[in-house]
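**Student:** Construct all of the structure, not just a fragment, from the sequences and the given hints.
Here the numbering used here is used: position 96 in the sequence shown is 107, and no number is missing along the way.
Don't read these hints as lab results, they were simulated from the structure.
Computed from a prediction, not measured in an experiment: that's the story for all the values here.
One thing to keep in mind: the hints can contain errors.
Distance condition first, Cα-Cα at most 27 Å in a straight line; then the derived BS3-like pairs of lysine-lysine [unchecked claim]: (1) Lys-154 with Lys-189; (2) Lys-188 with Lys-154; (3) Lys-151 with Lys-176.
Beta-carbon label-pair distances, calculated as ranges [as the list claims (entries may be wrong)]: (4) Ala-161 with Ala-211: 34 to 40 Å; (5) Lys-151 with Gly-110: 36 to 42 Å; (6) Gly-81 with Lys-105: 15 to 21 Å; (7) His-195 with Glu-153: 19 to 25 Å; (8) Ala-185 with Glu-17: 37 to 43 Å; (9) Glu-19 with Asp-162: 24 to 30 Å.
Every residue, glycine too, gets a C-beta built ideally from N, C-alpha and C.
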Amino acid sequence: MSKTLEVEGRPLSWVRDGAVKDRPLVVLAHGAGAPYTHPFMVRAAEGLVARGCCVMRFHFPYMEAAQREGKRRGPDPQRRLLASWRAVLDVAAKTRGRGPLVIGGKSMGGRMASMLLAAGDAPEAVGAVYLGYPLHPPGKPEKLRADHLADVPVPQLFVQGAKDKLCDPKLLRAVLKKIDRAEHLELEGADHSLARSRKAPLEGADVWLDAVADFVRRVSAPGS
Numbered sequence: 012m013s014k015t016l017e018v019e020g021r022p023l024s025w026v027r028d029g030a031v032k033d034r035p036l037v038v039l040a041h042g043a044g045a046p047y048t049h050p051f052m053v054r055a056a057e058g059l060v061a062r063g064c065c066v067m068r069f070h071f072p073y074m075e076a077a078q079r080e081g082k083r084r085g086p087d088p089q090r091r092l093l094a095s096w097r098a099v100l101d102v103a104a105k106t107r108g109r110g111p112l113v114i115g116g117k118s119m120g121g122r123m124a125s126m127l128l129a130a131g132d133a134p135e136a137v138g139a140v141y142l143g144y145p146l147h148p149p150g151k152p153e154k155l156r157a158d159h160l161a162d163v164p165v166p167q168l169f170v171q172g173a174k175d176k177l178c179d180p181k182l183l184r185a186v187l188k189k190i191d192r193a194e195h196l197e198l199e200g201a202d203h204s205l206a207r208s209r210k211a212p213l214e215g216a217d218v219w220l221d222a223v224a225d226f227v228r229r230v231s232a233p234g235s
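**Tutor:** Here is the structure:
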């Protein structure tokens with residue numbers, strides 16, 4: 012059952028999958044165009060729970076409004092997106108018990124997590140996972156969204172499709188060479204949604220779910 016909180020007077024809902032009880036808690040934000048109930052987000056949550064994690068998913072306020080009204084809405088201003096992340100982490104801190112915390116998400120949601128980390132506003136986190144990091148706008152590889160990534164103080168895992176139109180693999184590899192504790196899983200033939208097939212977009216998800224769960228275990232280990 013989902014629960015709600017408010018950010019700047021606007022409601023957002025969140026849901027937790029799996030028991031906490033000293034497990035790592037992975038907080039995942041959705042991408043710009045799909046809610047946390049999208050099959051991709053549900054598969055990510057169920058897959059990580061099956062691999063020993065607890066998962067928390069949430070809506071940014073614009074997506075919460077879109078779901079309630081049945082209308083598409085554009086993303087909130089960056090200020091509100093980051094404030095939403097911080098508010099959700101405050102809730103996570105009260106519910107996660109003693110387990111470690113990893114944050115990230117799909118596309119825009121993961122990018123906002125990286126910005127929060129780079130600004131020093133998520134000190135609880137021990138790692139970050141990006142599922143389709145939007146390194147640049149479609150068709151504009153010269154406009155990189157990467158300057159802040161070197162300031163992220165925790166290990167980062169980038170899970171990317173080799174055919175991602177928002178992330179040229181060569182550009183990402185060049186960026187990651189300059190970043191400490193950054194890992195890259197490139198999925199051959201996959202797009203921005205980590206899908207190789209439109210007919211079966213979640214086929215092969217076990218590959219990246221295994222990698223994410225392994226990353227979470229490693230960064231959650233004492234002394235890592």
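**Student:** Please go over all the hints and tell whether each is borne out by the structure.
**Tutor:** Okay, the hints, checked on the actual structure:
Only pairs whose Cα atoms come within 27 Å are accepted, and Lys-154 paired with Lys-189 is accepted, the gap being roughly 18 Å. Taken as a hint, the Lys-188 and Lys-154 pair is honoured in the structure, with Cα atoms around 18 Å apart against an allowance of 27 Å. A distance of roughly 9 Å separates the Cα atoms of Lys-151 and Lys-176; the hinted pair therefore holds under the 27 Å criterion. A C-beta distance of roughly 37 Å is found between Ala-161 and Ala-211, which places it inside the suggested range of 34 to 40 Å.
Against the hinted window of 36 to 42 Å, the Cβ-Cβ separation of Lys-151 and Gly-110 comes to about 40 Å, which satisfies the hint. Gly-81 and Lys-105 have their C-beta atoms about 32 Å apart, which leaves the hinted 15 to 21 Å range violated. Taking the beta carbon of each, His-195 and Glu-153 are about 21 Å apart, inside 19 to 25 Å as hinted. Separated by about 41 Å at the C-beta atoms, Ala-185 and Glu-17 satisfy the suggested range of 37 to 43 Å.
The hint said 24 to 30 Å for the Cβ distance between Glu-19 and Asp-162, and at roughly 25 Å that hint holds.
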